[in-house]
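Visitor: Please take these sequences and the hints and turn them into a complete structure.
Residue numbers (the working numbering), protein chains in the order written: chain X, 1 to 351; chain A, 1 to 214.
No lab work stands behind these hints, which were simulated from the structure alone. Errors might be hidden in some of the hints.
What the hints assert, rightly or not - Derived Cβ-Cβ restraints for the label pairs, each shown as a range:
1. A:Ser103 to X:Arg38: 33 to 41 Å
2. X:Phe132 to A:Ser171: 41 to 49 Å
3. A:Thr38 to X:Ser63: 36 to 44 Å
4. X:Phe132 to A:Ile104: 21 to 29 Å
Just so it is clear, CB atoms sit at the ideal spot from N, CA and C, and this is done for glycine as well.
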Amino acid sequence: MPKSSYKQQRNILFGLDSFGDIPVDKDGNLFSHAAAIRQVVDEAVLADKLGIDVIALGEHHRSDFSISSPETVLAGIATKTKRIKLASGVTVLSSDDPVRVFERFATVDALSNGRAQIILGRGSFTESFPLFGYNLQDYEILFEEKVALFAKILTEKPVTWEGTTRATLHEADIFPKTESGYIHTSIGVGGSPQSVIRAAKYGFPLMLAVIGGSPARFIPYVELYHKAASEFGTKVDEIGIHSPGFIADTDEEAVSIAWPAHKINFDRIGKTRGWSPMQKEHFDQEVKNGSLYIGSPETVAQKMANTIKALNVNRFDLVYGGGPMPASARLHMVELYGKKVISRVRELLNG
Amino acid sequence: MDSPRPVLGILGAGKLGIAIAQLALKVSYAVFIAGSSTAEKIKLSIEILTPGAIAVTAEDAIRRSDIVILALPLSKYRNLPVDLLKGKLVIDAMNYWWEVDGSISELESASSSSEMVQHFLPQSRVVKAFSHIGYHHLLDDARPLGVTDRKAMAIAGNNVTDVQIVACIVSDLGFDPVLIGNLADGKILEPGTPLFGASINEVTMRKLAGLDNK
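Guide: Right, here's the structure in full:
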């Protein structure tokens with residue numbers, strides 16, 4: 001696609017994503033879970049004032065993250081904000097009930113005057129399965145069936161459905177209805193080709209979670225999505241990417257804040273998964289060529305613009321505040337993103 | 001290369017299987033790849049993500065290849081067709097990931113997950129490789145022979161000739177092969193070890209694997 005067409009055809013959306021990582025205060029003490037949740041609300045309010053398009057909150061069910069119920073936090077944000085879209089990122093549909101998910105997001109949609117969005121995913125963490133009584137062996141079927149049901153529920157007409165993963169529904173009408181008649185729903189994908197095809201099958205927008213390695217390796221996945229959508233005859237209108245990052249006034253400052261927090265975060269998760277501890281060399285490599293968008297506003301903007309062009313996506317969600325980071329640095333990051341980075345990325349794309 | 005390249009049959013068309021196929025296609029290997037069900041189901045993804053590879057059933061991938069690469073979740077290893085794999089050189093790229101695989105009782109009596117696989121495929125020649133580098137680093141880290149910043153890939157196997165064949169493939173696909181010992185030694189590549197997930201050069205790997213003292 002020629003550069004100039006970005007201006008005419010594409011309105012790129014910029015988001016901020018969080019799992020409610022636990023920040024630290026100025027003395028290095030960890031926030032409580034409750035305070036960490038309020039921090040995210042403050043950040044979302046600031047993001048709204050700055051005109052950032054979306055805040056997306058993901059669920060975790062472990063001590064190092066405060067958000068297990070994204071839509072409840074989104075409801076809190078809803079009544080304090082005016083414009084920003086309120087998304088999950090992701091809703092682990094496999095271990096949830098599609099009917100309930102709709103009810104909760106339709107409620108957020110009401111509270112926010114139509115700003116709720118859902119990103120459905122299988123989740124790369126598995127702690128929600130035993131917690132809610134699901135068997136990991138059913139990973140595939142749970143998602144497959146529940147996405148199919150959810151696609152029906154989203155039409156907001158009475159639903160008749162039969163499957164193996166929840167009770168049968170017969171002409172079930174689900175409330176509240178939304179004012180627009182539809183909740184914007186995407187599918188989050190981590191690199192499984194079948195998930196990309198599934199998103200295309202239902203005509204759901206695609207959200208690529210690219211959390212390591214070169215973003216360019218996802219170019220064929222975007223192509224796969226387009227190709228599959230054309231085979232299914234569905235419409236492709238939004239492809240987004242979700243990647244982690246951090247912004248400070250200078251590159252050095254950004255790295256000095258992000259590296260220790262990122263390492264703690266990665267090593268803690270790695271412990272349960274058997275990864276070896278993160279090395280600085282690997283981190284630097286990810287910052288330079290991989291999927292960590294860390295640096296000054298200019299550095300991050302350049303990198304984001306390159307990725308957006310390479311993958312030809314129209315939404316970029318920056319996952320911010322990974323690990324125990326100072327709360328003030330997180331707020332400053334939101335400010336830099338909203339005031340400097342987004343406008344600079346637009347300039348680079350349209351220039 | 002002087003001798004003709006072996007044809008690869010990859011079982012598993014998920015993230016790992018696709019990454020290995022992409023590496024192999026880059027250096028012009030012939031690749032057959034199979035998912036957990038029909039060829040039709042993976043046809044589109046294979047066509048676009050790994051152009052040149054041929055989507056087939058698992059049975060065909062085994063029949064039409066010289067070397068089979070296992071890139072499926074370890075918990076599915078019992079579905080492997082034991083008879084068809086008789087006599088084959090089988091590269092085990094799988095890892096035990098308890099979160100997904102659940103508890104596998106046979107693992108407790110085996111000294112390594114690859115030994116368990118070898119035990120299940122008694123007449124196949126199992127070699128462990130492509131298991132300790134994360135699938136999202138395989139593509140970024142691969143470098144042609146002769147480049148200075150090549151990364152190392154560990155290989156474990158019981159038969160010297162088979163290990164050498166796999167070492168050639170590993171080198172072709174972009175990594176310096178490091179032979180760390182037999183299948184039981186493959187334990188030091190499993191999740192929870194310093195080598196698991198490590199994307200390092202040969203010198204560092206030899207040190208971490210304790211090979212310099214041997």
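Visitor: State for each hint whether it applies.
Guide: Going down the list of hints, with the structure as the test:
1. A C-beta distance of roughly 39 Å is found between Ser103 (chain A) and Arg38 (chain X), which places it inside the suggested range of 33 to 41 Å.
2. A beta carbon spacing of about 46 Å between Phe132 (chain X) and Ser171 (chain A) agrees with the range 41 to 49 Å that was offered as a hint.
3. The hinted window of 36 to 44 Å between Thr38 (chain A) and Ser63 (chain X) holds, with their beta carbons roughly 43 Å apart.
4. The given range of 21 to 29 Å is respected by Phe132 (chain X) and Ile104 (chain A), whose C-beta atoms sit roughly 23 Å from each other.
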